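Enquirer: One-letter residues, chain by chain:
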Amino acid sequence: MRQTLIAATAIALAFAMQPVVAQDKPAAKPAAKMAAKKMAKPAVVEEKDAATLEFEKFRAKMIEDGNPAELFEAQGEELWKTKRGPNNVSLAETCDLGLGLGVVKGTYVQMPRYFADAGKVMDAERRIVWCMVEKQGFKAADLAKKPFAAETYTPEQTSLVTYVAGLSRDMKFAVPLKDPHVKEVYEIGKEVANHRAGPYDFSCNTCHGVDGKRIRMQQLPNISSKAGATTAVLGWPGYRMTGNRMLTLQWRMGDCFRQQRFPQPGYASDTVTSLLTFMTANANGSTYTGPGIKR
Amino acid sequence: MNKRHQFSILAAIAATAAIAAAPAFADSSHRAKAMTMMKADFTTKGQATADRIYEDGLQAVCNRSGNHPPEKIAKQLEGDQMATVKYPADGKLMGDWKAGEKLAQSGRGFTWNDAPGSPAGGNCYNCHQIAPSESSFGTVGPSLFNFGKLRGNTAENQKYVYSKIYNAKSYNLCSEMPRFGHVGALGEKQIKDLVALLLDPESPVNK
Amino acid sequence: MSSPMKVRAQVKGDYADIKILMSHPMETGQRKDPKTNQPYPAHFIQQFTVEVGGKLVVQSETGTAISTNPVFGFKVKGAKAGDKVVVKWQDNKGESRTDEATVS
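Protein chains in written order, with this note's numbering: chain A, 1 to 295; chain B, 1 to 207; chain C, 1 to 104.
It should be emphasised that the hints constitute simulated quantities derived from the structure, not laboratory data. Since the model is a prediction, treat every value here as computed from it, not as a measurement. Take these hints with a grain of salt, some might be off.
[What the hints assert, rightly or not] Cut-off 30 angstroms, straight-line C-alpha distance, at most; resulting in silico cross-link-like pairs (DSS-like, lysine-lysine):
1) C:Lys84 / C:Lys19
2) A:Lys61 / C:Lys35
3) C:Lys12 / A:Lys61
4) A:Lys146 / A:Lys105
5) A:Lys139 / C:Lys84
6) C:Lys12 / C:Lys84
7) C:Lys84 / A:Lys81
8) C:Lys93 / A:Lys81
9) A:Lys61 / C:Lys19
10) A:Lys146 / C:Lys12
11) B:Lys45 / C:Lys35
12) A:Lys294 / C:Lys88
13) B:Lys45 / A:Lys139
14) C:Lys35 / A:Lys294
15) B:Lys98 / A:Lys139
16) A:Lys145 / A:Lys120
17) C:Lys88 / A:Lys81
18) A:Lys146 / B:Lys102
[Said to hold, decoys possible] If you only want the chain C side, here are some residues facing chain A, beta carbon under 8 angstroms, derived:
19) Ser2
20) Pro4
21) Lys6
22) Leu21
23) Ser23
24) Pro25
25) Gln38
26) Tyr40
27) Val71
28) Glu100
C-beta: ideal position from N, C-alpha, C; glycine also.
Produce the entire structure from the sequences given, and follow the hints as far as they go.
Expert: Now the structure itself:
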């Protein structure tokens, strides 16, 4: 199976120069290890089955050894700083993520927010796409054509979101709900989550409206609660081991609608932003652990 | 659209009007904005057509009442839903529990990446514990383990289970459970097989 | 175009812990495009080398059994803070990439 990511952590190679230290028990655990452990700790106190616990152990080990998401952060950084597009400008010099031109650090946990230049509340990916179109001159339709990672392809905006998200690691979610624009979109998002329709009469809340439920073995976070919303937004953007793909929350919302038996929501649309505003603001105050690893 | 369906929508509209007079459960202006927005944002993909965003009468009533419509309206509309249940012409409600178990395992159907017209699964284990051999079960709905053993394999219960699967909303208007027969996800034979899975004394559910 | 690797090298007592995260599709040639049913062409790293402080410490041959975006980790005795770590890979299409890090 190709999901196996750590292919050769233990390389039994004979080093010509120096013998390898086979066993080590350092007294103090390395900082990275501690951080990874902390990360894996569930934000919600709920009953966890053995499979979930095993996966969390695995995830902690993966993050410690090197989360592939970091590769996309590095690519995103390069894309952010390079002059590109028909207008030959960089996002670094033209794209305001809400905390001023040139500032990336801390912006991810403060989105969705209202952007006066666009007259819209936008989540991180939507804002980046907006900048790519308005500043760099890319065509919106082109960016929306293949917006999510597929078999052999990762869209540029995915790497860019991962880079921006990485610079909010260990910071607290702080969606500016005091802004009436944001509050309005939050309330609309709440209604989207409530909306039952389609052949199976499902809404987001059919599965994600109460605590402690499961579909098969999958725990379902209650996105209306702080703990549940935190579980839902943590780890995104995430490297999905099913298919080795880097995926964003824009993709995740679409996949929820698919399972809800709904039609397809527009990429970077008001509907997706409203849901993300509702969920992320409900997680306000929780610490973002950075781009993650998903099953 | 058949006549029964039309009637049920008319009743729903009347019910909606009645709710509007009662204290508002959801903020109607945000709701209206959400509706306008969703109608603009969703597009057809595969078999998932854009019009799935629109509510039918029952969904409208549940959406506008926070899934708790006034009792009187709920009772009336549940009756309408019950009227949609089509029982098998041969009068037999029990099928093959083995086929039922297979069907209960499948969660396929109706999403934009399911082939149009491909048979839908029962989706049962997604939300219910059923046979003890399957440990990967959901908890959105109640456990159905030992259902027949506890309730009895009576003609009355067979009718209850058949109609519940056919249209769960005939018992609880805003139930989270889909209306499998009503929307054409499951046919007569399939529902019979699921009835057998729950009620047949030979089914592992009742061992 | 190949993408940068992530190389981390930290001194822990008398050895350095080195972790390398490579960005590579590692296509086996067996996987098929679901739309066309044609296999994706094989594309994988065939060999990589690691030098620490100018000395070759790892020379490795790799194949299609290794996952997408692979991680390699090992310990090198005697490496000091400030030593330069140079990682170089080459794949079956003749592409190669070199990235550097410093032991900290």
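Enquirer: Which earlier hints turn out false for this structure, listed by number in ascending order?
Expert: Numbers 2, 5, 10, 15, 18, 19, 25 and 28 - these are the hints that the structure violates, sorted from lowest upward.
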